[in-house]
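A.B. asks: One-letter residues, chain by chain:
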Amino acid sequence: MINDNANLFLIFGIFTIILGVCGFYCIMVTKNFIRALIGLEILTKAVTLLIIAAGYVSNRIALAQTMVITLIVVEVVVISVAAGIVFGVFKQIGSLNITKMRNLKG
Amino acid sequence: MILTLILLTLLILAAVWAVMTRSLMMSAVGLALTSVILSVIIFTLHSPLAAVFELSVCAGLITVVFMSTMSLTKPITRTEFKKQTKDRIKRYWYLPVIMILVGLGCALMLTAPDLKPLAPALENDVRNVMWKIRQVDVLGQIIILLAGVFGVVVLFKERTKND
Numbered sequence: 001m002i003n004d005n006a007n008l009f010l011i012f013g014i015f016t017i018i019l020g021v022c023g024f025y026c027i028m029v030t031k032n033f034i035r036a037l038i039g040l041e042i043l044t045k046a047v048t049l050l051i052i053a054a055g056y057v058s059n060r061i062a063l064a065q066t067m068v069i070t071l072i073v074v075e076v077v078v079i080s081v082a083a084g085i086v087f088g089v090f091k092q093i094g095s096l097n098i099t100k101m102r103n104l105k106g
Numbered sequence: 001m002i003l004t005l006i007l008l009t010l011l012i013l014a015a016v017w018a019v020m021t022r023s024l025m026m027s028a029v030g031l032a033l034t035s036v037i038l039s040v041i042i043f044t045l046h047s048p049l050a051a052v053f054e055l056s057v058c059a060g061l062i063t064v065v066f067m068s069t070m071s072l073t074k075p076i077t078r079t080e081f082k083k084q085t086k087d088r089i090k091r092y093w094y095l096p097v098i099m100i101l102v103g104l105g106c107a108l109m110l111t112a113p114d115l116k117p118l119a120p121a122l123e124n125d126v127r128n129v130m131w132k133i134r135q136v137d138v139l140g141q142i143i144i145l146l147a148g149v150f151g152v153v154v155l156f157k158e159r160t161k162n163d
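Residue numbers (the numbering used here), protein chains in the order written: chain A, 1 to 106; chain B, 1 to 163.
Isolated chain B, as found in the complex (with noise of 0.2 angstroms):
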């Protein structure tokens, strides 16, 4: 129980980090140590295959994704970046203190659960139950994978000089 709570208490502070830190660049690892920290608090709760995916898939190819954007993308100018560090300070100061009390105040209004005594689970094996109870949801995700990709493709196109 402890553990856990140091784990999502470090897991506020990364996400924290990630949105006021001043460099892009910093954001970005930012979320990738959010990604790490949230597959370790997963790991914990005996999902080993979705902290997998989550290390790999969100702390790795995300990160790729993001920084190979920053780099096609052109960087603020000095000045344009001196200029923005006083406009933010003022804009996201706000945010720890709001967070602060909408914890507290969750923490004092809500109530546990009446949690019921659950059947047990038909099956609580993760392949069985993504190959035969949601093997919808594997065919929605290879549409959806399809679908990225066509995106993906139809954004990068080289334009021809007649478009």
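So here's chain A without its partners, still in its complex pose (with noise of 0.2 angstroms):
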């Protein structure tokens, strides 16, 4: 039981690892402010998965549950406000391409 529960583990650690290459890779190559916004999702998608499941594998799926409910309130509200400063910077700039904001520069 706990073997196999250590192998179910390290399963859902190398996909957390991916995915979160994945979320790392939007976030560093886009010039759009959205999908560098997408690319903070998959992250937070990878650090769910690897909470749940830790819980399961610990047999302390309510806490888990508790902690992603947490996660989740915390990412809306991220994801939220960081929509919200994308639509002020682009009334600025009137663009969504990162390497057009440079109104601090210099």
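Just so you know, not all the hints are guaranteed correct.
Unchecked claim - For the chain A half of the interface with chain B, some residues (derived, Cβ under 8 angstroms), not all of them: (1) Ala-6; (2) Leu-19; (3) Cys-26; (4) Val-29; (5) Gly-39; (6) Leu-40; (7) Val-47; (8) Leu-50; (9) Tyr-56; (10) Ile-61; (11) Ala-62; (12) Thr-66; (13) Ile-85; (14) Ile-98; (15) Lys-100.
Unchecked claim - Only pairs whose alpha carbons sit at most 30 angstroms apart, straight line, appear in this in silico DSS-like list of lysine-lysine: (16) B:Lys-132 to B:Lys-74; (17) B:Lys-132 to A:Lys-100; (18) A:Lys-105 to B:Lys-132; (19) B:Lys-116 to A:Lys-31.
To be verified - Ranges between beta-carbon positions, derived for each pair: (20) A:Arg-102 to B:Met-26: 45 to 51 angstroms; (21) A:Asn-97 to B:Pro-120: 53 to 59 angstroms; (22) A:Asn-97 to B:Val-153: 23 to 29 angstroms.
Bear in mind the hints are in silico, worked out from the structure with no lab data behind them.
Since we're looking at a predicted model, the values are computed, not measured.
Don't be surprised by glycine CBs; every beta carbon is placed ideally from N, CA and C.
Fit the two chains together into the complex; they arrive one by one in their own frames, and the hints show the way.
C.D. replies: Listed below in structure tokens is the structure:
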């Protein structure tokens, strides 16, 4: 049973790392504000997956669910405020392109 | 076990599609799809409450937030789109390669953790844990929600001429 759980956690861990790489790559490479937020969302999904897997493996699934609910609330607030900031930036510079945001330069 | 592996692979594919697709709208749909698959995985791990939250909030609300942000901002023109497409392929084709390499590397390097048998949890009911053991978390959630509401109100405030 414990061996099974350890293998399951290993599999979830590997997939979490792959998902995290996907999110980080999206944030690093993109030139669009909204796509950067999508990368952030994918990173949060990776964290959610790992928390639930840890709760399942350690048989503390109720605690893990509570953590995930907190995480989801924080995630929604972050994304809403970030979307507001993106809209504010768009009103200022008229574009969603990150490379055009040079108002603070030099 | 096989079902979990299939679902996890689908999750990764949906995430890659969300990152690599050209249209922003499709990207938001891909993100919603990722959330749906993740909520199915959470459900298979015996966490129905978290799965429902993930499905309704992440797949529903966040997609709506993204869509409304996209509709409030101006889409790029067709010529810009064509120009960006070539540029995008150059930047994004590394992603699947890097992911496969990282996955293979992790599978070869990492070993299963040495889990020790734990004492059974004192409380295994979500409601009790949430309202009795982790009360401060709920307080924190309320404060964060209020801070978010305050932030959005400040960001969307109509400016008067004197500002």
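A.B. asks: Let me make sure I understand: some of the numbered hints might not hold for this structure. Which ones are they, in numerical order?
C.D. replies: When the structure is compared with the hints, numbers 6, 7, 8, 14, 15, 16, 17, 18, 19 and 20 turn out to be violated.
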